[in-house]
Structure formats: structure tokens, C-alpha cells
Amino acid sequence: MTPRKPVDTGDPDRLYTVTGGRSRADESFDLVTLIVSESAPTPGMQSEHARILELCEHPVAVVEIAAELGLPVTVVRILLGDLLDTGHITARHPRAAASVASLPDSALLQEVLHGLRNL
Amino acid sequence: MDSATSELPTHRTPLRDTAETGLKIVVVGGFGVGKTTLVRSVSEIRPLNTEEVMTQAGVGVDETEGVSAKTTTTVAFDFGRISLNDRMVLYLFGAPGQERFWFLWDRLFSGTLGAVVLVDTRRMDDSWYAIDRLEHHRTPFVVAVNRFDDDGVRHSLDEIRQALALPEHVPMVDCDARVRASGKDVLITLVNHLHDLATAKEATL
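From first to last, the protein sequence lines stand for chains A and B.
Taking this note's numbering, the leading residue of the first sequence gets 1, the next gets one more, and so forth.
Taking this note's numbering, the leading residue of the second sequence gets 120, the next gets one more, and so forth.
In isolation and in its complexed conformation, chain A is listed as follows (with noise of 0.2 Å):
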């Protein structure tokens, strides 16, 4: 097993960096949010926009790109968003997140149950 190892740097100049020094993320990324790639890393992109799209080849959630690439998961959700401005990923986003107290109907809690049932 891995040792666990702190995610931060415990660099700031790192992720200033990394983000170009904005630290206003897209908020519309939940921690859920599957993203996509729609295309390969360009030359000469910024080595963390490669990163994310060599990783979501397949679909893969912001939470798990953050902990694959090291940063906190609101600078991912910045250079997310440099992305998908770009049209260089699309992002699935869950459908429950709307609000806190509403409940998901109870189709969806039926599909979840059948699938831990067969775990």
C-alpha cells in the first residue's frame, strides 16, 4: 500500500501557479460531476490540463481527479473549467444535486438498492 501522504504540497507558489493565481472556482462542479474527454492534450498545454484529459479517457469523477493529480479539489474545479470553456471535456452532472432537502424520488433509491443488494 501507498503511504498516505498529506495532498497538499504544502507549496502555495505551487498552486498559484497552477492556476494562474485565480482562485475563484466554477461552483457548478460537484465533488460527483463525471468528466469526460473529448480530445487528446494539445502541445504545449499546460502539463495539468494534459493530465486531466489522459486521465478521463473513461469517465472519472472531479473528487478522484483531485486526489489522482495531488490538488485541492477547488483548483481542479478552476482548470476544469478551462475545459470545458474550451470544449476540450464535457461534464455529467449528477442529478440529486439541486438542493439539500429534496429527496431523491424513490425510482432512483429502488436502482441503488437493487445495486448494493448485488455487491
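To be clear, the hints were calculated from the coordinates, so they are not data collected in a lab.
Careful, some of the hints might be misleading.
Stated by the list, open to error - Computed, partial: chain A to chain B, Cβ under 7 Å:
| id | residue |
| --- | --- |
| 1 | R22 |
| 2 | A25 |
| 3 | V32 |
| 4 | L34 |
| 5 | G44 |
| 6 | A66 |
| 7 | L69 |
| 8 | V73 |
| 9 | S106 |
Cβ atoms here follow ideal geometry from the backbone N, Cα and C, with glycine treated the same way.
Fit chain B to the given chain A structure using the hints.
Structure of chain B alone, referenced to chain A:
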């Protein structure tokens, strides 16, 4: 033995290309109660760790002279994953239950299906804050009592319900967070509860 030590892939396991809906369940509880153990026992991937950087206005935060009213806090959390079918993927988040992490909760709980409060009977005090916040957020939850081997005094679920001042409608379940079948049972208890709530609500529409 069907336990958390079962082999999980060390390499990244991609989701199916048909995956389209991510779902969330949060596991909350005090330090050392077994949140990550529970996540690991049911997850199809080795639990991953990531962090969220929260920038917040300095409400209720110590404001020292010359420091701007904004503070940045970093908090780490674990998560695992269960592919439910071709389209649906369930993510399990282990979140620390202490009061100072309330801002992480707001983020994690947004759009979550429901929560599991994992309780250690030797440290039940750790659970009160979590239960209070869940009720405040109107997030449906169940209470799972993690039975440790050295839990000499076995309190009954009724005794624990009383100690936590837990309403009758909140389901409780015993578990051994290390055992996959037990972890799965906890999740099924929660989703059954959610299903009952949804069915009751739909009947009134």
C-alpha cells in the same frame, strides 16, 4: 475472511464509459471511529484521500489584528466508490465529525442522498454534534454502531438511542466496519430508510 484486508486494485480502475450519474453518501463520526475502515470495506477502489481548500469570511473565526477577514482552511477527507450498475456510481465520503469542520460538511452534504453516523460507544460524545448538524441540514441519516472487539460493555441499541436522544424514526444498526457484508448492510439500511421517506413523500403529492 471477508474483511477490509481483501485485495483492492492498486492501479486506477476506470469507470464504465456508460457511467453518467454520480451519487453521494457521507459517513460521519469522530476521530478513530472507523469511517475509513467502513469506506474501504465496501469500496471497489482503495480509498483515496483528497482535500478541499475553503476560503471563508471570518465569521466566528478568531480575527487577529492586521489579518484580513478571510481565512483559508484546508481539510482532508477520504472517499471510496461503488459502481451500482452501468450508469450509476455511488461515492462514499468519510468526513470528520468535529465542529471545526462544519464548512466541509456544507460542501459535502450538498446533494447527498443521506448520511451514516458511525458511533463508537466508548466515545458517544463525538456523535452529538454530527447528529445535530444533520438534523439542521435535514439530511436523512441512520446511526451505525461500530462494535469493536474490546467493547466490553455492550450497550443495547435502545440504550444508545436514549443516550444520543435519537428520535424513534432514525434507524439504528449494529456493524463491524471491517467486514464487507456488514458495511453493505449499513448502506442498505440507509437507502431503505431513504426509500421509505421518498415513498411516503410521493404518496402525499
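Hints, verified against the model:
1. R22: Nearest chain B Cβ about 12 Å off; hint violated.
2. A25: violated (9 Å)
3. V32: Because about 3 Å separates V32 (chain A) from the closest Cβ in chain B, which is inside the 7 Å limit, the hint holds.
4. L34: Holds. Min distance 6 Å.
5. G44: Violated: closest Cβ of chain B sits about 26 Å from G44 (chain A), beyond 7 Å.
6. A66: With a minimum Cβ separation of about 4 Å from chain B (threshold 7 Å), the hint on A66 (chain A) holds.
7. L69: violated (9 Å)
8. V73: Holds, because the Cβ-Cβ distance from V73 (chain A) to chain B comes to roughly 5 Å (cut-off 7 Å).
9. S106: This interface hint holds because 4 Å falls under the 7 Å limit.
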